[in-house]
Amino acid sequence: RPAWLRPLPAFPQIDQLEDRWSGGDLLLQICADDPLVVSHAARTLASGVRGVAEQKWAQRGFRKAVGTDPTGSTQRNLFGQIDGTENPRPDDVDYDQIVFSDGADQRWMRGGSSLVLRRIRMTMDTWEEIDRTSRELSMGRRIDTGAPLTGTHEHDPADFDAVDDVGLPVIPPESHMARARQRHRGEAMLRRPYNFDDPPEPGKISNSGLIFTAYQADPVRTYIPVQRRLAEQDALNTWTVPIGSAVFALPPGAPEGGYVGQGLFEG
Numbered sequence: 122r123p124a125w126l127r128p129l130p131a132f133p134q135i136d137q138l139e140d141r142w143s144g145g146d147l148l149l150q151i152c153a154d155d156p157l158v159v160s161h162a163a164r165t166l167a168s169g170v171r172g173v174a175e176q177k178w179a180q181r182g183f184r185k186a187v188g189t190d191p192t193g194s195t196q197r198n199l200f201g202q203i204d205g206t207e208n209p210r211p212d213d214v215d216y217d218q219i220v221f222s223d224g225a226d227q228r229w230m231r232g233g234s235s236l237v238l239r240r241i242r243m244t245m246d247t248w249e250e251i252d253r254t255s256r257e258l259s260m261g262r263r264i265d266t267g268a269p270l271t272g273t274h275e276h277d278p279a280d281f282d283a284v285d286d287v288g289l290p291v292i293p294p295e296s297h298m299a300r301a302r303q304r305h306r307g308e309a310m311l312r313r314p315y316n317f318d319d320p321p322e323p324g325k326i327s328n329s330g331l332i333f334t335a336y337q338a339d340p341v342r343t344y345i346p347v348q349r350r351l352a353e354q355d356a357l358n359t360w361t362v363p364i365g366s367a368v369f370a371l372p373p374g375a376p377e378g379g380y381v382g383q384g385l386f387e388g
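If you use this note's numbering, the sequence shown corresponds to residues 122 to 388, in order.
Since the hints were derived computationally from the structure, they do not count as laboratory data.
No residue lacks a Cβ here, since even glycine has one placed at the ideal position from N, Cα and C.
Any given hint could be a false lead.
[Claimed, not checked] What follows is a set of in silico ranges between Cβ atoms, one per label pair, in the way DEER data are often shown:
#1 E322 <-> V284: 14 to 24 Å
#2 T273 <-> S168: 24 to 34 Å
#3 D146 <-> T266: 41 to 51 Å
#4 G205 <-> Q134: 32 to 42 Å
#5 D282 <-> T165: 53 to 63 Å
#6 V173 <-> Q303: 35 to 45 Å
The task is simple: from the sequences and hints, build the whole structure.
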């Protein structure tokens with residue numbers, strides 16, 4: 122296995138991980154515009170492994186419906202915030218190096234990737250008690266456009282050195298944006314978040330949050346340093362609680378006439 126294929130280190134400042142949402146040996150990620158298709162595909166795939174595999178968990182998330190926003194617009198989370206602005210783009214010159222493994226660690230992983238999955242509960246009730254300004258300062262971006270607080274449009278570069286009339290940073294250094302930003306290109310990852318809004322558990326008002334997925338060539342080099350900064354000081358930690366965590370190796374696509382993971386079994 123790749124050296125990075127192991128559970129993430131503990132982040133005791135924020136983690137409240139539950140076994141029912143964590144770990145696992147084999148991941149099937151099934152996506153479709155129609156939930157009926159997802160349900161049928163899941164049953165079909167599961168029927169082939171009954172007796173040799175046991176389902177540990179199923180996490181159901183959703184993204185914006187097709188056609189509700191212009192093509193290419195960024196997903197929003199349940200906080201109402203645009204989520205995933207700084208994703209690398211396929212036309213970036215270093216996109217392949219960011220997302221895909223070069224196989225130096227394990228030859229069978231060449232062209233594959235890693236997936237970090239974090240299930241994050243959002244305390245929507247207390248979030249909705251604060252005003253818009255407080256929400257934007259916590260994130261570092263405007264709610265309506267997703268622009269940094271120093272800009273106008275979503276993809277405007279952020280000025281982390283800008284101060285206001287009384288000398289305070291326009292983008293607070295403890296804001297999510299400031300803590301999560303790349304310190305160097307090696308921290309770039311491809312994020313694809315899914316919202317969840319499940320029935321409340323007994324005694325609870327809501328059960329909502331984010332299924333955060335991040336793809337990168339090496340999570341030890343890329344994901345963990347960013348997560349450490351967020352665990353140490355992120356304004357959004359007041360309203361978010363990680364309750365699930367897992368890391369998976371994603372083999373490259375199947376060769377023509379072959380099957381997924383063929384390189385692993387061929388050595």
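Cross-check of the supplied hints:
1. E322 <-> V284: 14 to 24 Å: 44 Å, violated
2. T273 <-> S168: 24 to 34 Å: 52 Å, violated
3. D146 <-> T266: 41 to 51 Å: Holds, at about 42 Å.
4. G205 <-> Q134: 32 to 42 Å: 24 Å, violated
5. D282 <-> T165: 53 to 63 Å: 54 Å, holds
6. V173 <-> Q303: 35 to 45 Å: 42 Å, holds
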